[in-house]
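Residue numbers (the numbering used here), protein chains in the order written: chain X, 13 to 245; chain S, 5 to 289; chain P, 2 to 338.
Think of the hints as simulated: they come from the structure by calculation, not from any bench.
Keep in mind that this is a model prediction, so the values were computed, not measured.
We put the CB at the ideal spot given by N, CA and C, even for glycine.
One thing to keep in mind: the hints can contain errors.
[Unchecked claim] What follows is a list of derived Cβ distance ranges for each label pair:
(1) S:Val144 <-> P:Gly257: 28 to 36 Å
(2) S:Arg90 <-> P:Arg171: 31 to 39 Å
(3) X:Asn48 <-> P:Ser20: 42 to 50 Å
(4) P:Leu98 <-> S:Ser140: 18 to 26 Å
(5) X:Pro115 <-> P:Gly150: 31 to 39 Å
(6) P:Gly257 <-> X:Gly142: 38 to 46 Å
(7) S:Val158 <-> X:Asn48: 27 to 35 Å
(8) P:Gly150 <-> S:Gly65: 52 to 60 Å
(9) P:Ala216 <-> X:Asp25: 34 to 42 Å
[As the list claims (entries may be wrong)] Covered by chain X, per the in silico footprint, the following chain S stretches (three or more residues, Cβ under 8 Å):
(10) 48-56
(11) 179-189
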Amino acid sequence: MLTVEGLRVAYGDIEVVHGLDLEVAAGEAVALIGSNGAGKTAALRAVAGLEPGCSGRVRLAGEEITGLPAHALARRGLVYVPAERRLFGAMTVRENLVLGAHPERPDRDRLARVVELFPRLAERRSQPAGTLSGGEQQMVAVGRALMRRPRLLLLDEPSTGLAPVLVEQVYAAFARLREAEALTVLVAEQQVPAALQLADRAYVLEDGRIQLTGTADELTDDPRVRRAYLGLT
Amino acid sequence: MALVLDGVAFGLQLALLATGLTLIYGLAGVLNLAHGQLVVAAAMVGAVALGAGAPVLLALGLAVVTAGAAAVLLDVTLLRPVYRLRGQARVLLSLLLTLGVAFAADGLLVHSFPFTRLNLSVATPSVELLGVTVRSASVVASLVAIVALGGLVVLLRTTRVGRAIRSLTQDEEGAQLCGVDPGRTRRLVFVLGGSMAGLVAVTQGLVSSVGATSGLDLTIFALIVTVVGGLGRVSGAVVAGVLLGVVHAVAAFHIGTVLTFVILLVAAIVVILVRPSGILGGAGS
Amino acid sequence: MSGPLGLGPGGVVAPPASSLRAYLPIVVASVVLALVPLSLGGSRYFLSLGVHLLVVASYAVAFNLVFGSTSQLFLCQGALAGAAAYCSVILGNRYGLPLWLTIPAGVGLAALLGGGLSWVAVSRRLEVIYLGIVTLAFSLVFTNLLLGGRELTGGETGLVVDGGAGTWLRSPAAAYYLFLALLVGHLVVYRAIERSRLGWGFRALRDDEVAAALAGVDVARAKVTAGVVGAAMLGSVGATFAAHEGFVSPTTFAFGEVDVRVLVVLALGGVGTLLGPVVGAVVVTVVDELLRPLGQLRLTVYGVVLVVIFLGFRQGMVRSVRSLWMRAGTRAGPRTD
Chain X
13 MLTVEGLRVA YGDIEVVHGL DLEVAAGEAV ALIGSNGAGK TAALRAVAGL
63 EPGCSGRVRL AGEEITGLPA HALARRGLVY VPAERRLFGA MTVRENLVLG
113 AHPERPDRDR LARVVELFPR LAERRSQPAG TLSGGEQQMV AVGRALMRRP
163 RLLLLDEPST GLAPVLVEQV YAAFARLREA EALTVLVAEQ QVPAALQLAD
213 RAYVLEDGRI QLTGTADELT DDPRVRRAYL GLT
Chain S
5 MALVLDGVAF GLQLALLATG LTLIYGLAGV LNLAHGQLVV AAAMVGAVAL
55 GAGAPVLLAL GLAVVTAGAA AVLLDVTLLR PVYRLRGQAR VLLSLLLTLG
105 VAFAADGLLV HSFPFTRLNL SVATPSVELL GVTVRSASVV ASLVAIVALG
155 GLVVLLRTTR VGRAIRSLTQ DEEGAQLCGV DPGRTRRLVF VLGGSMAGLV
205 AVTQGLVSSV GATSGLDLTI FALIVTVVGG LGRVSGAVVA GVLLGVVHAV
255 AAFHIGTVLT FVILLVAAIV VILVRPSGIL GGAGS
Chain P
2 MSGPLGLGPG GVVAPPASSL RAYLPIVVAS VVLALVPLSL GGSRYFLSLG
52 VHLLVVASYA VAFNLVFGST SQLFLCQGAL AGAAAYCSVI LGNRYGLPLW
102 LTIPAGVGLA ALLGGGLSWV AVSRRLEVIY LGIVTLAFSL VFTNLLLGGR
152 ELTGGETGLV VDGGAGTWLR SPAAAYYLFL ALLVGHLVVY RAIERSRLGW
202 GFRALRDDEV AAALAGVDVA RAKVTAGVVG AAMLGSVGAT FAAHEGFVSP
252 TTFAFGEVDV RVLVVLALGG VGTLLGPVVG AVVVTVVDEL LRPLGQLRLT
302 VYGVVLVVIF LGFRQGMVRS VRSLWMRAGT RAGPRTD
C-alpha cells in the first residue's frame, strides 16, 4: 500500500531523517518505534505531505505521490492523525467529524458508523471539540480520519497525553477497527509495548535511521529491543 | 430614535466594511491595509460605468466584481511570498506589503479620478419607519448590507465551503489534513472579502458618495470595527459595526465628528489593551 | 531568518569592536553632509531641502532604534515629534518661556509618551500587529485632538511661534548645521547603544525574545528604553524644527506626512543598519524632488518602492551595497586568514 524510499527530512540545516526505506502492505499494521527525537514525527509528516522540503520517493498503492500537498494526499485516502490531534476546538464534534470527509457531502451512514465505534462521541455530538477530555479528543481525531474510509491511516503517538488506562482503550479500539474495517495502519509510538501488540511488523528508528526491523513477535523477543524499549532485561 | 436608526444604518455599512477585512485576516493571516482602496476602486469603476451610460445594476455589478477581482489578484500575486511565513512574521510582512499597495493605489486613484464620485443618491422619497422619517436610500443601503451579511453568515454556518473556511481559520494544518485546499479556499475568501468591500461602495454611494480620496479613512474605520469585534471574528465585526455606528451617530450629533472619531479610536485602543479577542470575548480563534 | 520578524538582516551582525572603526562611518557621513551646502553655493532652496533631508533622516534613526532594534512597530513618529513641537510652542507662546526650556520640556513629553506606549505594549504583551494598530490609532487621536482643541492648538491653521523671527535659527545655513548636529548626535547615540550591553540585549531579543529572557536580558526594560530614547530623538527634532520654521500645523506631523516617509526611508536604506536612515533619506529626498511634477503619482511610486523592497530587496541599500562589496573583495584576492 505504501512504499517509502530514501526519505530525507531536514529542518533548516539540520537533517533529522537520513534516507528512510519503509513498506506497508495492504491490510497490514506496521509500527515505527523509537525514542523521543528519533525522527518518527518528521518521517510521518513528510509522508503526509506536510514537509515540502523533504526528498525521497513515496508511493501509495503504486501511485507516485512524492511532493503532493497534504490536502491532496488526504483526498487520496492517506490520512494522518498528528500527535497534537489538531481538532477545531471551537467547532462541534459533529462538525469536526464531518470535515474529515471534506469536500465530500456529509455521509450520514458513515457518521453513524464512526459514532458507533466511539459511543462517547454520541453524547458529545454538539459540544465544541475544545471542551472534551484528552481521551475524547483522541477519539474525535481518529473518528475524523475514519470518516474518509482511509486507505492508509498514519497515527502519530496516539498515546500522547493519555493515562495508561486510556492508552489501552485507544489501542483496543484500533485492534477492533482493524478487524471491522480491514484498515492499513502505520503507527509511530514511544509506548512500544502497546504498538507491538497492535502491529504485525515494526521498524526501530534511531537518530533518523532504521536500526532494526522484523515482525512484532521477533522484536518483542529481541534482547536489544527488550532492553531499550520494553524496560526488560 | 432617529439618531439610533441613522446609527444602525451607518453601523451596518461599517459591519459590511469590516467583515471583509476580518474574514481575510482570520483565514489568511493578512491584515489588508489596502481594504479601503478596494472600496474606492469599486466606486470609481461604478461611477465611470454609470457616466458611460451603463444601466445601474450592470454598473454596480461591475463595481463589486472589480473589488473582488482586485482582492484575489492581490492574493495570487504580491501576497504569495507571505504565505511561506507563519504567525507574526506573516502578519507583519503582509501589513507592510499592503500598506505599500494602499499608497500605490491611493496615488493612482486620486491621480486618475480627481473629480469622480460614485453618487447614487438620486432624489429618493422618504419613508416612515418606527414613527421616524427615514430616507429610502438609507433603507435600501441597510437592506443590501443585511442581505449580504446574512448571506455570509449562512454560507459560513451551513455550507461545506463555509465549514472549510472556518476550519482553516482555526487550524491551517488541521484543515489540510482534512482535505481542505488552503490556496483555493483563500482565493475564495479574498473574492468574498473584496466583494463585500465592493458592496460598501454601492451602499455608501446610495446614502452619500464615495470619492477617490476616501481610501485611508475607510481602511481606518474598517480597522477600528475589526479590532473592537476581535480580529478574525466575523460575528464580532457585525456586532461591533452596528454598535459603533450607533455610538458614532449619537456622539457626532452631540459633540461633533472630530471628537467622535477620537472616541472610536480610543475605543479600539481600549479593546486591544483590555480584551484583545474583541467585545464578544472568549478565546480568540 | 532573523531581524525584526524576518524583515531585517540575514544574521544579526554586531558592530565593530574598535571605537575608531565603529564611529568612522558617522564621521565620514557628517563630513560629506557638512560639505554639501558649500558645494551648492548656499542656495536657500537647496538648504531648506537639506534641512528636510536631515529631519527625515533623524526621524528614521529613531524609528530604526525602536523598530529595527527591538521590533516595536511604532506608527506614530509624526505624533511623537508633533507632541514635542506643540508642547514647546505652546509653552513658549503662553508663558514666554525660552527655547532652552521649552524644547527639553517637549522632548520630555515625547519620551514619556513613547516610553508609555512601549510599557503598555510590553506589559500587555501586545503582538506586533496590535502595537501597530494602537500606535496608528494614537497618531490619529493626536491629529484629531489638534484639530479639535482649537483654543490651545489653533486647529487646522496651526500656531505661529511668537518671537524668534530674524534670529540665526531661522537662517537656512545655520539651521542646516544645527540639524546636522542633531542627526550626528542621534547616530552616535544609536551606535553607542548598539555597542553597549543594552545593544547586546537588543540583538538577542530581536532573534528570539524568549531565549533572550532566559539568557538574562531584561526584555521589558530593553524595549521601554528603546521607546523612550527613540521618542526623545523624535521629540528633539520635532521641537527644534518647529522653532526653525516658526510655525506648527497638524499636517506637519500627520501620519501620511511623516510616518509614511520614514518607513520608506528606513526600508530603502536598510532596517537595522547605522547609515541606512541617512542613505535612504538622501535617495528619497532627491527622488521626491525629481518626481515633483508627478503630483499624486509620487505616492504611487512610494507604494511601489515599499512593495518591491519588502518583496525582494529586504536588506535595504546599505546592506546590499556592503555585501556586493564584500563579494567583490573575496573574489579579487585569496583570503589570508
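Status of each hint after checking the structure:
no. : hint                              : in the structure
1   : S:Val144 <-> P:Gly257: 28 to 36 Å : holds, 34 Å
2   : S:Arg90 <-> P:Arg171: 31 to 39 Å  : violated, 53 Å
3   : X:Asn48 <-> P:Ser20: 42 to 50 Å   : holds, 49 Å
4   : P:Leu98 <-> S:Ser140: 18 to 26 Å  : violated, 59 Å
5   : X:Pro115 <-> P:Gly150: 31 to 39 Å : violated, 57 Å
6   : P:Gly257 <-> X:Gly142: 38 to 46 Å : holds, 43 Å
7   : S:Val158 <-> X:Asn48: 27 to 35 Å  : violated, 46 Å
8   : P:Gly150 <-> S:Gly65: 52 to 60 Å  : violated, 45 Å
9   : P:Ala216 <-> X:Asp25: 34 to 42 Å  : violated, 22 Å
10  : 48-56                             : violated (count 0)
11  : 179-189                           : holds (count 8)
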